Structure formats: structure tokens, C-alpha cells
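Residue numbers (this note's numbering), protein chains in the order written: chain A, 158 to 239; chain B, 158 to 239.
Any given hint might turn out to be false.
As the list makes no split between identical chains, a pair holds if one copy fits it or if it spans any two.
Claimed, not checked - No farther apart than 25 Å at their CA atoms in a straight line, the calculated lysine to any residue pairs in the SDA-like style are these:
hint, residue 1, residue 2
1, Lys-160, Asp-170
2, Lys-160, Asp-188
3, Lys-160, Met-234
4, Lys-160, Gln-178
Honestly, the hints are just simulated from the structure, not real lab data. Small disclaimer: the values here were computed from a predicted structure and weren't measured.
There are 2 protein chains.
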Amino acid sequence: MAKFMDVHSGFRDITAEQLQQAHDADVAIQDEEGVTFEHAWADPESGMVYCLSEAPSAEAVQRVHERAGHRADEVHMVPLSV
Amino acid sequence: MAKFMDVHSGFRDITAEQLQQAHDADVAIQDEEGVTFEHAWADPESGMVYCLSEAPSAEAVQRVHERAGHRADEVHMVPLSV
């Protein structure tokens, strides 16, 4: 298991409720891929969303996002943190 | 005060010690700009670094990073989080 940061664009004008719904859609199926989404942060002005997760692989993170209907633009393993 | 996520590239092969040093350089001067850096995550493979902070503005975040010698590529206010 490792930490991952993934990045989405295209969420301009996202609301708190929509972010919660998108996160809930991930959480509902994350166990099937062994992923745990820990946090998500959104900028409604630029439409960027950043998600932090614990997962077995970048592919597992992406599979959850794809199945939930919001494929990530990038998924990066972030083994270092402070 | 608001939350900000900023993004750096070009840190390929960054080590845990180098990430800590970069973070310490930010923390050493952050009070002068009213910024609090909460976390940083790094991917040595792609060279991406993500920093989460609490700050009065994106410009304040960038000023700290510039003065510490590592200007961010992007700074996004992230008013929404889950």
C-alpha cells in the first residue's frame, strides 16, 4: 500500500454538495479495489480537484475513479510526505 | 484565511531529506506572510510536489515558496474539501 495524489480538471463551479457526491461515489466502491480515499480538495474557480488516497497501485485508484464516472487526469504515487 | 493547494514540478529523484529541507525553508519564513504549510507530498518518479497550506492569498503562498527558492507552478485556492 502507498499514498497517491490524483488530479482532475473540468470541475469549474463544483459545489460542496457535488464534491461530496463524487467522493461518496468513490467511497462506495473503493473496497473492491483496496483503495481508501482520505481527502479531496476542490477549486471551483479553476475546476481542479485533488484527491489523496491509500492504494495498492495508481491503476487501482484510476479504476475506482473511472467506475465512479470521473477519470483522473493524473495519478501520482507520493511515497514522500511531511 | 483559506486553504490552498500548490503544485511544483521538476523534483525528480527528490529524497525524504530534501523534501524535509524544502518544507523547513518554507516554514522558517511562513509567518512573515501569514501562511501555514500543513503538508507536502512528493513523487520522486515524476518530480511532482503538492503542498497544502492555510493562507491569506495565493500570492502569499507563492511569495513564501519564491523566497525559499522553489516557486510553485500553480497555486489554487481549495475552498471545498471532504
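Each hint, compared with the structure:
{"no.": "1", "hint": "Lys-160 / Asp-170", "verdict": "between (28 Å within a copy, 17 Å between copies)"}
{"no.": "2", "hint": "Lys-160 / Asp-188", "verdict": "within (16 Å within a copy, 29 Å between copies)"}
{"no.": "3", "hint": "Lys-160 / Met-234", "verdict": "both (6 Å within a copy, 22 Å between copies)"}
{"no.": "4", "hint": "Lys-160 / Gln-178", "verdict": "both (22 Å within a copy, 21 Å between copies)"}
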